[in-house]
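Asks: Taken in order, these protein sequences are the chains called B and X. Quick note: the first sequence, position 132, residue 132 per the working numbering, numbers continuous. Adding 1000 to a residue's 1-based position in the second sequence gives its number in the working numbering.
What the hints contain is simulated information worked out from the structure, not anything from laboratory work. Be careful, since some hints might not be right.
[Said to hold, decoys possible] To give an idea of the chain X side of the interface with chain B (calculated C-beta under 10 angstroms), a few residues:
1) Q1157
2) R1158
3) D1161
4) R1164
5) S1165
6) L1166
7) G1167
8) Q1172
9) W1175
10) R1176
11) N1227
12) H1266
13) V1267
14) V1333
The beta-carbon is built from N, C-alpha and C at its ideal position, and this holds for glycine as well.
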Amino acid sequence: MTTPDRHEPALSVEHLTRRIGDRSVVDDVSFEVANGELLVLVGPSGCGKSTLLRLIAGLDGGANGRVLLDGVDVTTLPPERRRIGLVFQDHALFPHRRVEQNIAFGLKHLDKAARSRRVDELLELVRLPGVAKRYPHELSGGEQQRIALARALAPDPAVVLLDEPFASLDPSLRDEVRIDVIDALRSRHAAAVLVTHERTEALALGDRIAVMSAGRLLQVDEADEIYERPIDRFVAEFLGDVSFLPAEHGEVLMARPHDLRLEAGGDDVVTARRYLGSAWRYEASRVDGVMVTVDVPVAPAEPPHPVGSPVTITICATHPLHHLPA
Amino acid sequence: MTTTATIRQHARTFPATALMFAVAMAVSIPVLVIVWSVVQPSTEVWQELWDTRLPGMIRDTATLLAAVLAGTLLLGTALAWLVTAYQFPGRRLLGWLLVTPLAIPGYVLGFVWLDTLQEPLGARQVRSIWLAALVLTLTLYPYVYLFARAAFREQSQRAVDVARSLGCSQTQAFWRVVLPMARPSLAAGAALVGMEVLTDVGTVRLFNVSTIADGVLRVWFSTGNRNAAAELAVLLIGVAIVLIAVERLMRGRARYTQSGVRAGLHVRRLRGSRALAASVAGWSIVAIAVVLPVLRLITWTFEARRTDQTATVAGDLPFHLASSLRIAALATVVCLVLGTLLVVGLNRKRPSGAIMARLATLGYAVPGPVIAIGVLVTLAALDRSGWLPDGWLLVGSAVGLIYALVVRFLAVAYQGIDSSVGKVSPSMVASARTLGAGRFRVATRIELPLAGAGIIAAAVLVAIDTLKELPITLLLRPFGTETLPIWVWQATSESLWVQAAVPSLAIVAVGMALVGILLWALEHGAETVS
């Protein structure tokens, strides 16, 4: 991962709030994205992620707070004067324009030769040379998404905003397109904000991850940091299976499935199990009534524990477990 | 498409195929006969026409066509954009009322405005091609309006958002993205308008514009020369084909349907003076195209009652109304039955099915006078052939009239039904079948209820068209059959506006009722016109 240079944020959002009626859809959100950095905005459906993107892009008005691009306040500018690239889940390519015309759409200020040079350069970047003359419907879903990115990058935007860009793609295709898109973003050294509701995607993609819920930004941090040291139980649960073990002073200890060990025989009981390929994931009920989730690496010689069988759960983590308010 | 394909599997037996073939042939022969007449042109007729009226006819037809197309595209698109993209008081009601000019034939609006403008403009100046174009624009723009409105409603805000992030202002995004994506719909609406203009004989006669359609009628009534009329009619087909071909060529490989979420365009609320301006713009069109003319017709009708002009030699209002309704109802039912049959019976994935569908809907692209002459020639040939029982004559019979109306309007019914049935998703049909529903039950319980609104809309459109129809009825009506449009035609050709008001008001009243049903159907999920 590239280390983002921190001295000049490409995008900074300051106390952005958008109210509809007496409900805050986006509630006092502040964050920064550095040049060349990819921030992944993740949260459950309806938490305000897409609204936040639309506010940054200037597509919706009526918000309080400020949006700065490269240090310049653009809060009152219309979208066409903000220098922001947009990529949607349904890619929103213009169906009546050829691929090259789609990419050149935002390049009106360039002369013809410069425009076509730029189109070629971007097609090269998204690794799709030779489709310039095609129409969007003549491309596959993954190709369409890459063209949508090329179109967004063409005018050299200060920030690229991607709203669930991979959600409409076939799972088999998703990884490949994802890698290509991230590579393209990195090689342009473009700042980007990517919205997703999938936690695995969020963990795999971002330099930093921002978790959002009910309009509020709960935590912004690096992937491993936010996974291992979440700020509260919601963030902990949102990013993956987790168990909360009772501790003192009204706190709980957070244990990820690999932090625990499960052995045959004892007072705890297996309540469910799921095969992950590399491991079995067990749900077990401890003798004190606490439900836990435990991963046991697959060992072909040993048969898995059946549901209902007695087991013992112990902590095997080599690091001290993270404390959370209960 | 796939749904209809499953129906087709069951219909694709030999008798069904033979029936389809018979329908397609019967409907296309009158058109093909006209085209055939070019192969053996009667040069002396052409020579005479060319030396006398033909250049003028071509010029007038082209001018009128261009003016009305430009006018309806501008007016229809602008009004559709107004009621889909903006919110202002009365928008919903206005959205409906803007469709109502569909109920007022050009020859009715024409004579009302002719009389009104006669004073200020002078008797000679008022009969101009530009006023004719204006009148036709005001009665025909609803075709473009309906298509454009549906297209705008289907568009997604995402495309506009992307365009704006790439440097377009709201206005630029409309011109560079929204409008181009609506183009096929606009073209479809404009094609209908073009066909109506080429068909029109009533309005142009009022304004002394001699178009090709008018020429066909004149040649037929003055010389009775069937071949001459047929050859003139070919010119009309030529113009129609050029129109359609130009649009197709310009479109190329591009597609216009958007993928993904149909979020719909954002509606912007207008306030204060802007809201007022929007309302005034919309309502003034309704006023000059509908309200004022109808009020004028009503005052005339009272005058007609007072001066005892509410009847013709042939009969009074109930007599004309009954025969108009009878003809419209009969033609509509035949169109619906044949249309459903073709939708269910043809497999357009096979070349033969595609060709038959094309043949059966040829009438859509053929102006009315051409069809009338084509049917005349066909029926006359049948009468001469000696295949019919003794004493039967098809020329001048009610059968001939209905036949021609079906040829002309079957396409409207077919396309309406086809698009509605096509909307029923294949997985829905598959679910019903696996739940144990038979072919018949799926059709009656799933497909027809879902397509119902669309089928009603198609039927209403055919009914409105046949109710207003003039050239075909003029040329083919059986002796003694008088419809409302014929009454208007006869009264207006002698400038008897007061007398023409009674049947005109009847046409408008029935038309309004039908437009009401159409609006209901459109609100309940019917696809737009054809």
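Asks: When the nearest CB of chain B is found for V1333/X, is that gap smaller than 10 angstroms?
Replies: Since chain B brings no Cβ nearer than about 39 angstroms to V1333/X, farther than 10 angstroms, the hint is violated.
Asks: Classify the hint on Q1157/X as holds or violated, based on whether any CB of chain B lies nearer than 10 angstroms to its CB.
Replies: With Cβ-Cβ at 8 angstroms, under 10 angstroms, it holds.
Asks: Would you settle whether the hint for R1164/X is holds or violated, based on the nearest Cβ-Cβ distance to chain B being less than 10 angstroms?
Replies: holds (4 angstroms)
Asks: So, N1227/X near chain B? Judge it on the closest CB pair being under 10 angstroms.
Replies: violated (45 angstroms)
Asks: May I ask you to test the interface hint for L1166/X with respect to chain B, counting a Cβ-Cβ separation under 10 angstroms as satisfied?
Replies: holds (3 angstroms)
Asks: Close enough to count: is the Cβ of Q1172/X nearer than 10 angstroms to one in chain B?
Replies: Because about 8 angstroms separates Q1172/X from the closest Cβ in chain B, which is inside the 10 angstroms limit, the hint holds.
Asks: Is the interface hint for H1266/X satisfied, with its Cβ closer than 10 angstroms to some Cβ of chain B?
Replies: With Cβ-Cβ at 9 angstroms, under 10 angstroms, it holds.
Asks: Tell me if R1158/X is really an interface residue toward chain B, meaning its C-beta lies closer than 10 angstroms to one of theirs.
Replies: Check passed: Cβ of R1158/X comes within 4 angstroms of chain B, closer than 10 angstroms.
Asks: Holds or violated: is the Cβ of V1267/X closer than 10 angstroms to a Cβ in chain B?
Replies: Since chain B brings no Cβ nearer than about 13 angstroms to V1267/X, farther than 10 angstroms, the hint is violated.
Asks: May I ask you to test the interface hint for S1165/X with respect to chain B, counting a Cβ-Cβ separation under 10 angstroms as satisfied?
Replies: Constraint on S1165/X satisfied, holds at 4 angstroms.
Asks: Verify the interface restraint on R1176/X: the C-beta must sit less than 10 angstroms from at least one C-beta of chain B.
Replies: holds (8 angstroms)
Asks: Does W1175/X meet its interface restraint, that is, does its C-beta lie within less than 10 angstroms of any C-beta in chain B?
Replies: With a closest approach of 13 angstroms, the W1175/X hint is violated.
Comparing the model with each numbered hint stated earlier shows that hints 9, 11, 13, 14 do not hold.
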